[in-house]
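Q: The chain contents come next:
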Amino acid sequence: MTTEKKIELEKLSNDIRLDIIKTGYLSGIKGAHFGGCLSLPEILATLYSEFFNYHLTDLEHRDRIVLSKGHAALALYCVLYEKGLLTKEELETFEQDGSNFIAHSKRNLVKGQEFSGGSLGLGLSHAVGVAYACKLKGLTNRIYVIVGDGELNEGLVWESLLFANHNKLNNLTLIVDHNHLQADGTIEEVMDTAPLKEKLASFGLDTQEVDGHSVEDLYLALSNPSATQPSAIIAETIKGKGVSFMENKAKWHHGDLNELRYNKALKELEDKDNGCY
Amino acid sequence: MAVINLKKYAGQGQAVALFGTFLPDNIGSYPNVHVLSADMSAAASLSRYMYQNPNKFTEIGIAEQNLVGISAGMASEGFTPIAIAQAAFITMRAFEMNRQYLGYMKNKVVLVGLNSGFYLQYFGNTHYCLEDIAILRSIPNMTILSPADAGEAVMALDAALRNDGASYIRLTGGSQLRTVYNEYCDFVIGKDIIVREGRDVCIFATGACVGNSIEAANILSARNGIEAKVVDVHTLKPFDTETVNQSKGYPLIVTAEEHNIIGGLGSALSDYTSTKGGFPELLKLGIHDSFSRPGSYDYLMQQHRLTPELIAEDIFNKLQTL
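Protein chains in written order, with my numbering: chain C, 1 to 277; chain H, 1 to 322.
Some hints here could point you the wrong way.
[Stated by the list, open to error] Capping the alpha-carbon separation at 30 Å, the derived lysine-lysine pairs in BS3-like fashion look like this: (1) C:K22 <-> C:K168; (2) C:K168 <-> C:K199; (3) C:K267 <-> C:K83; (4) H:K7 <-> H:K248; (5) H:K106 <-> H:K7; (6) H:K56 <-> C:K168; (7) H:K284 <-> C:K88; (8) C:K267 <-> C:K251; (9) C:K5 <-> C:K199; (10) C:K11 <-> C:K83; (11) H:K56 <-> H:K8; (12) C:K106 <-> C:K251; (13) C:K137 <-> C:K6; (14) C:K137 <-> C:K251; (15) C:K88 <-> C:K135; (16) H:K248 <-> H:K318; (17) C:K11 <-> C:K249; (18) H:K191 <-> H:K8; (19) H:K106 <-> C:K106; (20) C:K30 <-> H:K106; (21) H:K284 <-> H:K248; (22) C:K135 <-> H:K284; (23) H:K191 <-> C:K111; (24) C:K88 <-> C:K111; (25) C:K83 <-> H:K106; (26) H:K318 <-> C:K137; (27) C:K137 <-> C:K88; (28) H:K318 <-> C:K168; (29) C:K137 <-> H:K56; (30) C:K135 <-> C:K30; (31) H:K106 <-> H:K56; (32) C:K135 <-> H:K106; (33) C:K11 <-> C:K267.
Hints were generated in silico from the structure; no laboratory data involved.
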């Protein structure tokens, strides 16, 4: 990856974080899932900038990106806004009465939303069905599914992986946002998934572990999917990444920002924007 | 469109008629169909279909939640999946998937519940399915079909495949079902079929209870000179209120279902009549919110007073009190 590209993706990641904070603040005391949104920007920036093949005039051949951890919909809206699929006006209806853009996203292909997420574990099963169908149709596209690590508690995830391996779905890439926190505490305290790499590998996934905040590492991992098996990328991330008082705090899974905290978050991200990438 | 000759299915169980005969004979009429099974291909008599259409069948294993998820994903890509599992498990274990993927996301999947009601006899209460209508009725955009015999099951599947949106087809009774339909009739989703005319009492029945109610009506006629009208409610949702309106002049309405009386046909009917004036009293025949003492199909239907003889007896006794 060139230095220019790296800087571009890092800047985009920071812009997504700024959008998350600004839009989440607009929702007032309704709050937002800040923590699990802020662990995703490098994943989303790399995926949507460098890999996502999507043209409104040819939706059949598009890549499918399924956000199974549906509570991170705000991060999805923000990358879609940065990529021109959502307008600023649409983004700012986040969590307003009657909006299409609520805490959990709703399937809307022309707005880049593949799946109605929210109930954990359901995105992967649907996406595996999509990947299977795309192969039957002879498409050469790719299906990306982003799951949270807490979501791996759900049994349906593992049913889906059995099917993906049994049918050698080499058009599927599973991305685990491994931020090590769920609502009640750390993954290790609540329901330990370790050794995750070995578990996924034993389910037949070609599995890599990367720094989920390194756009270079993500780019490399996404560039080399297995030709014969489904692929998995365990992205080691920090929940709340980029906002000091949110980082690694389970309570910021969902919360609301007062003005003081909002200004502090904004300043930290803007300082990063003004610094060097 | 498939040509449907019901004589082919006379005496068959519903699953055999659908998947052993009708679908393999007519797959050309449904080009997007793809059958998926939760380890139920043998139970659903799919061997001929699978042999002839190896690329239009997928095994999911014993995983009903994933069955619905994979089917929904395929539906979103333009396939018309028929997802087959035991009725108890495809409706209850996968309930949330049915709500999320099919109701909310509007993926067109045809769910087929094998062996609903009591047909798994000696397997016991874990395998009986007396709740499926109740829970699926609460999902928006879900069509619920409950055919009375093998021939009607064929008409129901054909209609579901041509319909928009998701459907559930409830199969019951095995080969012990009484034949109700000898010839193709104009089967329309959401439009009841009057299978017997009568002026003294109006019976609304679904599934296996349609044949049993016709037989009960014959008993009432021969024994007591009571003429019962029998309506086949093959669609529980959307619910046909027109035939219900026609029952206003009767002294008594009866519902008969191989299902818990909570949430099923009787509930659906009274959900409607209770908001309107002028309807007669309703006698709900079905399972009165209890688990059962396992046994043969006939033993179970007797236990819950759903055999023709006992349906006739309960209606006669009720009419005496009016």
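Q: Looking back at the numbered hints, which does the structure fail to meet, lowest number first?
A: 1, 4, 5, 7, 9, 13, 14, 15, 22, 23, 26, 27, 28 and 30
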